[in-house]
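**Q** Listed here are the chains, written in short residue letters.
There are 2 protein chains.
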Amino acid sequence: MHEKLLIPGPTEVSQEILREQSRYLISHRGKSFSDFYRGIKTKLADFFELSNYYKSAVTTSSGTLWFDIVGRSIVQENALVCVNGAFSSRFAKTIQGCGKKVDILEVDWGKAITTNMVANKLESGNYDTVVICHNESSTGVRNPIYDIGALIRKKYPNIIFAVDSVSSMAGDKILPVKIGCDVIFASSQKCFALPPGLCIGVVSERALKRAVKIPYRGSYTDLIKIFDFEEKYQTPFTPNISLLYALDKRMDLLLKETYDCVYERHLEMAKYTRDWAKKNFALFPESGYESVTLTCIKNICRKKIGSLIEKLAKRGFLISNGYGKLKEKTFRIGHMGEWNVNEIKEVLGLIDDLWKL
Amino acid sequence: MHEKLLIPGPTEVSQEILREQSRYLISHRGKSFSDFYRGIKTKLADFFELSNYYKSAVTTSSGTLWFDIVGRSIVQENALVCVNGAFSSRFAKTIQGCGKKVDILEVDWGKAITTNMVANKLESGNYDTVVICHNESSTGVRNPIYDIGALIRKKYPNIIFAVDSVSSMAGDKILPVKIGCDVIFASSQKCFALPPGLCIGVVSERALKRAVKIPYRGSYTDLIKIFDFEEKYQTPFTPNISLLYALDKRMDLLLKETYDCVYERHLEMAKYTRDWAKKNFALFPESGYESVTLTCIKNICRKKIGSLIEKLAKRGFLISNGYGKLKEKTFRIGHMGEWNVNEIKEVLGLIDDLWKL
Numbered sequence: 001m002h003e004k005l006l007i008p009g010p011t012e013v014s015q016e017i018l019r020e021q022s023r024y025l026i027s028h029r030g031k032s033f034s035d036f037y038r039g040i041k042t043k044l045a046d047f048f049e050l051s052n053y054y055k056s057a058v059t060t061s062s063g064t065l066w067f068d069i070v071g072r073s074i075v076q077e078n079a080l081v082c083v084n085g086a087f088s089s090r091f092a093k094t095i096q097g098c099g100k101k102v103d104i105l106e107v108d109w110g111k112a113i114t115t116n117m118v119a120n121k122l123e124s125g126n127y128d129t130v131v132i133c134h135n136e137s138s139t140g141v142r143n144p145i146y147d148i149g150a151l152i153r154k155k156y157p158n159i160i161f162a163v164d165s166v167s168s169m170a171g172d173k174i175l176p177v178k179i180g181c182d183v184i185f186a187s188s189q190k191c192f193a194l195p196p197g198l199c200i201g202v203v204s205e206r207a208l209k210r211a212v213k214i215p216y217r218g219s220y221t222d223l224i225k226i227f228d229f230e231e232k233y234q235t236p237f238t239p240n241i242s243l244l245y246a247l248d249k250r251m252d253l254l255l256k257e258t259y260d261c262v263y264e265r266h267l268e269m270a271k272y273t274r275d276w277a278k279k280n281f282a283l284f285p286e287s288g289y290e291s292v293t294l295t296c297i298k299n300i301c302r303k304k305i306g307s308l309i310e311k312l313a314k315r316g317f318l319i320s321n322g323y324g325k326l327k328e329k330t331f332r333i334g335h336m337g338e339w340n341v342n343e344i345k346e347v348l349g350l351i352d353d354l355w356k357l
Numbered sequence: 001m002h003e004k005l006l007i008p009g010p011t012e013v014s015q016e017i018l019r020e021q022s023r024y025l026i027s028h029r030g031k032s033f034s035d036f037y038r039g040i041k042t043k044l045a046d047f048f049e050l051s052n053y054y055k056s057a058v059t060t061s062s063g064t065l066w067f068d069i070v071g072r073s074i075v076q077e078n079a080l081v082c083v084n085g086a087f088s089s090r091f092a093k094t095i096q097g098c099g100k101k102v103d104i105l106e107v108d109w110g111k112a113i114t115t116n117m118v119a120n121k122l123e124s125g126n127y128d129t130v131v132i133c134h135n136e137s138s139t140g141v142r143n144p145i146y147d148i149g150a151l152i153r154k155k156y157p158n159i160i161f162a163v164d165s166v167s168s169m170a171g172d173k174i175l176p177v178k179i180g181c182d183v184i185f186a187s188s189q190k191c192f193a194l195p196p197g198l199c200i201g202v203v204s205e206r207a208l209k210r211a212v213k214i215p216y217r218g219s220y221t222d223l224i225k226i227f228d229f230e231e232k233y234q235t236p237f238t239p240n241i242s243l244l245y246a247l248d249k250r251m252d253l254l255l256k257e258t259y260d261c262v263y264e265r266h267l268e269m270a271k272y273t274r275d276w277a278k279k280n281f282a283l284f285p286e287s288g289y290e291s292v293t294l295t296c297i298k299n300i301c302r303k304k305i306g307s308l309i310e311k312l313a314k315r316g317f318l319i320s321n322g323y324g325k326l327k328e329k330t331f332r333i334g335h336m337g338e339w340n341v342n343e344i345k346e347v348l349g350l351i352d353d354l355w356k357l
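In order, the protein sequences belong to chains U and X. Mapped onto the working numbering, the consecutive letters of the first sequence carry residue numbers 1 to 357. Mapped onto the working numbering, the consecutive letters of the second sequence carry residue numbers 1 to 357.
No lab work stands behind these hints: they were computed from the structure. Since the structure is predicted, the reported quantities are computational estimates derived from the model, not experimental observations. Each hint should be verified, as a subset may be incorrect.
A pair counts as met if it fits within one copy or between any two copies, since identical chains are not told apart.
Straight line, CA to CA, 25 Å or less: simulated SDA-like cross-link-like pairs of lysine to any residue [stated by the list, open to error]:
{"no.": "1", "residue 1": "55", "residue 2": "150"}
{"no.": "2", "residue 1": "93", "residue 2": "305"}
{"no.": "3", "residue 1": "93", "residue 2": "212"}
{"no.": "4", "residue 1": "298", "residue 2": "77"}
{"no.": "5", "residue 1": "43", "residue 2": "305"}
{"no.": "6", "residue 1": "249", "residue 2": "267"}
{"no.": "7", "residue 1": "101", "residue 2": "224"}
{"no.": "8", "residue 1": "256", "residue 2": "107"}
{"no.": "9", "residue 1": "249", "residue 2": "26"}
{"no.": "10", "residue 1": "279", "residue 2": "307"}
{"no.": "11", "residue 1": "314", "residue 2": "356"}
{"no.": "12", "residue 1": "101", "residue 2": "178"}
{"no.": "13", "residue 1": "314", "residue 2": "23"}
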């Protein structure tokens, strides 16, 4: 039996999208490809309201590649990395693993990074890059990147602001121009509701001006090489053409639904899930900082999460336990991509039934 | 009209394989995934006759990622890189771009790197890694990696031998144990006849022992991180599950055909194409070093390659002009993956017809 995915990724992908991948391949160096890829880039620019100061790229990779891209091509000497969960922690370790100095601004899992915290660090330290994870999939916390972006753009014009939007872009409100970020990226298997294998990135001219000065960027992690080819509507290395077919179709669907309606649909699912969670349990994230694309629920009733997941899977839906150290302490419901509130109601109703809530 | 791909990659992929990608996604952290992925790894080990000393990994990336992996996780201080075409040149530049010292052993495009050349360099230099491209897609030259591997294993037990087999593995004879290499990898869109987006790598224990000592491996380019997860039949970052479905199916087909028959089929196509080329033109590669998976033909009759490609495309087949500086001087026919000699005969017959050969 097929288990529909409500985990924080990969999320459920419809047959309509999956079947796009069975279109025949074309040469990635021909005019047909460039015309096709230009179309995708235009659609990305439309949907995310990009100005000319911002450029998009699609890499054949998981989202984590962009942690390395930031480490290899963006951080000059010293990055401030905001850490409040497993993925932001990985981002910090990756930059350190690229041989760059990292100062970590850390709060407990479940708490948000506030603008004041970042302001205080920036006043006392000397950073060339600020890194944050917008939507921590491990804790369901959503950090206030618009306010942090405004602070950086106002007071620190030379700092590069890099945002991991892996599980929020194309679901939550993500407009790079308004955030004032310089690097932002998302994985295909989250709100874009595609199979995993692509990462959609948007960078500012400021980021490219920085990158050109950084030595030892390698090849696969070289932002300059990537954008040299993006200029001619190609990719430096053979891209996953099948998944690009699916991305093209997805962008058509997103544009048809419109940016505002996509967000409203996600917010509606989030609100319903939060209300359900508050009625029966408690929310894990600090109040006011709850993710719009996944809900992390505190298991205050000490329910057996593993057992629920198994039983729910038999009814055709897969949700997720807590991440790492939160395994039995929380559980997570991803409501991103193709899902709508009626389907979420059905799944939560099944949990009511199984747990007799 | 669909143009069937006889370019050096991506190669043609059948609907049977493409449609595997429309299977529903599963969680990459569940038991179902690990069972499935273990199956792929077992099939890779069977087909390539891997001993316990060798381990496989599949990364969600183009082949070029592995240039970076070698640069970041393998080369300690000083690599000898054999260069005889565009891709080996990129490999050398990538390792330099990772901040490692590179000594280049270069011969003219069209020439092969011989075992004597490597032996001479190794006698005089102090290298921790030797890098070679087995099958240079830019020139159609096939380097003698079995002899070079034997030399290294006999006289330089500590040297890591890294082989780019991007366009030869699963078509030409590639048995890592017999080559004695430590790192070897191939892209999905060449002889594996899958869409682009995966890279299949095989490494020796010697390579992993080296990697653990190398600082600043990053995350996406960290061989140790990759194999920590491979041990539990997972990948460190969300993999392209759709393409893994297709790879699994491809391994079934390859095993059914058998390793020897796959090679014989490729050799038969290569021999037919070479004979045709020698009758009408000349081969670009040095005699005795011709690729088994693609043929690079010297345009001694000064035919208009661009015009032929256009006309042939209208008949439903796409071949390739020369690479970079060889654009009008050579043309290339890829005969890899799903193709067989009868289909190659048909395509060459069409060229006879168009060019009145």
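**Q** All hints are to be evaluated individually against the structure, with a verdict given for each.
**A** Structure-based check of all given hints:
no. : hint       : in the structure
1   : 55 to 150  : within (20 Å within a copy, 48 Å between copies)
2   : 93 to 305  : neither (30 Å within a copy, 50 Å between copies)
3   : 93 to 212  : both (23 Å within a copy, 16 Å between copies)
4   : 298 to 77  : neither (39 Å within a copy, 50 Å between copies)
5   : 43 to 305  : neither (40 Å within a copy, 35 Å between copies)
6   : 249 to 267 : within (23 Å within a copy, 40 Å between copies)
7   : 101 to 224 : both (22 Å within a copy, 22 Å between copies)
8   : 256 to 107 : neither (39 Å within a copy, 55 Å between copies)
9   : 249 to 26  : both (17 Å within a copy, 21 Å between copies)
10  : 279 to 307 : within (21 Å within a copy, 70 Å between copies)
11  : 314 to 356 : within (17 Å within a copy, 65 Å between copies)
12  : 101 to 178 : neither (29 Å within a copy, 43 Å between copies)
13  : 314 to 23  : between (33 Å within a copy, 19 Å between copies)
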